[in-house]
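Build out the structure end to end from the sequences listed, making use of the hints.
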Amino acid sequence: MRTCPHCGRVVTDTDVQTCPTCGLSLATEQSAPQQAEPVPVYAAPPAFSVPPTQQPTNQPPYTPAYGAPTNYPGAYRPGVDWQPSNQPKRRPWGRITAGVVVALVVIAIVVSVYNQSHAKPIEPISPASANATVTAAIAASNTLLSDPLTSNVNGWSNDSHCYFAQDGYHIGGGYICYAPIDNQVDGVETVTASQVAGPDNYAYGLIFRLEDDNNYYEFAIDSNSRWAFFKVVNGKTTRLHDYTTNVAINGGLNTKNTLSVKMSGSTFEFYVNGQKMGTMNDATLPEGKWGLAADNGLNVVFTNYLAKSA
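For the sequence shown, the working numbering begins at 1 and goes up steadily by one.
These are computed hints drawn from the structure, not numbers from a lab.
As the structure is a prediction and not an experimental result, all values here were calculated from the model.
Cβ coordinates follow ideal geometry from the N, Cα and C atoms, glycine included.
Possibly wrong hints are sitting among the right ones.
Label-pair distances were calculated between CB atoms; the ranges are [what the hints assert, rightly or not]:
no., residue 1, residue 2, range
1, 276, 224, 18 to 28 Å
2, 148, 255, 12 to 22 Å
3, 112, 150, 46 to 56 Å
Below is the structure:
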């Protein structure tokens with residue numbers, strides 16, 4: 001098999017001497033030598049020379065005393081005696097500072113001696129004077145009793161009708177429970193109350209100017225959002241103010257209301273939840289004990305009792 005060198009025709013007959021296509025002689029064909037794939041030639045890189053390690057001209061070389069360089073950061077720690085060659089000349093600040101300190105010390109000594117020579121002696125406070133100061137401070141606060149009523153730490157009545165529970169001080173069965181304070185004339189008595197059981201039209205609240213169980217005043221509310229003011233003299237009850245509904249009083253069971261009565265001579269002001277209910281006047285009972293009460297058939301829990309003198 002040959003290839004025509006003129007037209008490129010492939011001739012398979014070996015006896016044919018001329019190309020059947022172009023008619024030219026096949027004798028001039030020469031086998032083209034195969035050319036090898038060119039091999040890329042890379043220039044050799046220049047020899048790499050490592051420059052010698054250069055140390056700063058103003059620092060000493062690494063030594064074991066400073067730590068090995070492989071421990072960096074913090075490997076290089078100049079010694080205490082090393083100083084840069086271009087360090088400026090030190091100024092005498094240390095001497096100047098020392099002089100200022102000495103001058104200040106001298107001035108302080110002179111001032112102290114002067115004050116001691118001109119100061120008045122302090123008179124010791126006697127125990128009687130100290131007690132009088134404490135008593136005056138307590139009197140100025142005018143708080144007679146502040147009790148959350150979560151435990152009997154102040155000496156309240158504690159029996160089957162007046163007793164402490166986890167939620168406060170419970171009163172039931174138509175009883176009066178006295179506050180552990182002396183007889184009072186004027187002041188402010190405050191408590192938070194919540195009826196937990198019983199009829200919603202029975203009264204509970206604050207007792208004041210109680211001479212005995214048969215003579216006292218009562219400021220009361222019920223669970224129908226009503227308030228009233230009673231006077232009991234020789235066991236006889238008089239309604240000085242009849243039951244009156246007020247929207248400031250939270251009705252229903254297990255609702256809290258804060259009652260407060262302000263006493264000033266024969267004038268009494270009544271409040272529930274910070275809202276004034278009214279003002280009444282009566283001069284029958286001039287003084288007495290304070291306390292809490294709940295009508296027969298009720299169970300009322302009281303918390304946060306506060307008694308303040310005028």
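Going through the hints against the structure:
Roughly 20 Å separates the CB atoms of residue 276 and residue 224, a value that falls within the hinted 18 to 28 Å. Judged by the Cβ atoms, the range 12 to 22 Å given for residue 148 and residue 255 holds: they are separated by roughly 19 Å. Between residue 112 and residue 150 the C-beta distance comes to about 55 Å, which sits within the given range of 46 to 56 Å.
Consistency with the previously given hints is maintained throughout, with no hint failing.
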